[in-house]
Amino acid sequence: QKEVEQNSGPLSVPEGAIASLNCTYSDRVSQSFFWYRQYSGKSPELIMSIYSNGDKEDGRFTAQLNKASQYVSLLIRDSQPSDSATYLCAVEYGNKLVFGAGTILRVKS
Amino acid sequence: NAGVTQTPKFQVLKTGQSMTLQCAQDMNHNSMYWYRQDPGMGLRLIYYSASEGTTDKGEVPNGYNVSRLNKREFSLRLESAAPSQTSVYFCASSEHMNTEAFFGQGTRLTVV
Chain A
5 QKEVEQNSGP LSVPEGAIAS LNCTYSDRVS QSFFWYRQYS GKSPELIMSI YSNGDKEDGR
65 FTAQLNKASQ YVSLLIRDSQ PSDSATYLCA VEYGNKLVFG AGTILRVKS
Chain B
6 NAGVTQTPKF QVLKTGQSMT LQCAQDMNHN SMYWYRQDPG MGLRLIYYSA SEGTTDKGEV
66 PNGYNVSRLN KREFSLRLES AAPSQTSVYF CASSEHMNTE AFFGQGTRLT VV
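Listed in order, the protein sequences are those of chains A and B.
Counting in my numbering, the final residue of the first sequence is number 113, and the numbers go up one at a time with none missing.
Counting in my numbering, the final residue of the second sequence is number 117, and the numbers go up one at a time with none missing.
So here's chain A without its partners, still in its complex pose (with noise of 0.2 Å):
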């Protein structure tokens, strides 16, 4: 069984702050991470892809991916209340996606 695997949360932090959202997975073979957001009663929305070792950043968003600790985070700069949302990690195990069960996020204003 190929897992990924979230802290459900809810993870909370000040406006403005950074926020840290973390993501392990099963199988070293895995070449594409993907980070999506999702808010309440809406459907997932890509944020970020990675596929190589190292950090990749997209305005406020930076994912880090390190495939020898098989962990791929996601940091938020500057935290929004709009970023409230759940964040779900998502792997790719021999050509399908696998998500995990994603960690709410709440941005206290």
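If you are wondering where the hints come from, they were derived from the structure by calculation, not from laboratory data.
Taking lysine to any residue and the SDA-like style, the derived pairs with C-alpha atoms no more than 25 Å apart in a straight line are:
1) A/100 / B/113
2) A/46 / B/14
3) A/112 / A/50
4) B/76 / A/47
5) B/14 / B/78
So these bits of chain B aren't anywhere near chain A, every CB distance computed over 12 Å:
6) 13
7) 16
8) 19
9) 20
10) 27
11) 67
12) 69
13) 72
14) 73
15) 75
16) 76
17) 88
18) 90
19) 116
Estimated spans, in silico, between C-beta atoms of each pair:
20) B/22 / A/20: 47 to 57 Å
21) B/8 / A/81: 25 to 35 Å
22) A/99 / B/32: 11 to 21 Å
23) A/14 / B/8: 27 to 37 Å
24) A/71 / B/110: 31 to 41 Å
25) A/55 / B/8: 17 to 27 Å
26) B/88 / A/98: 30 to 40 Å
Just so we're clear, the structure is a prediction, and the values are computed from it rather than from any experiment.
We put the CB at the ideal spot given by N, CA and C, even for glycine.
Since chain A is already given, all that's left is putting chain B on it; use the hints.
For chain B alone, coordinates are given in the frame of chain A:
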């Protein structure tokens, strides 16, 4: 540019009834997927189609069938609905199997 469009948005079925969920994408993607999302369990893959003309089972295929009608359309059929199939269903598509997937707006299905 509509992206991925699912119909219907909401549906209530009685146990034993059948229905088909429709999905269409206009991004010329090769791969399409059906997921279900239940509280606390994340998204689970029901069926997928790597390319036009092919379909394969995902993690939770029992009770479902699919048809890849053409490159644009991928439908999900419940032959005899059960209360355990109450869920939110999402269709998604991607250019290829290991690239970014884009989701439709979801179908909220209740089986009573």
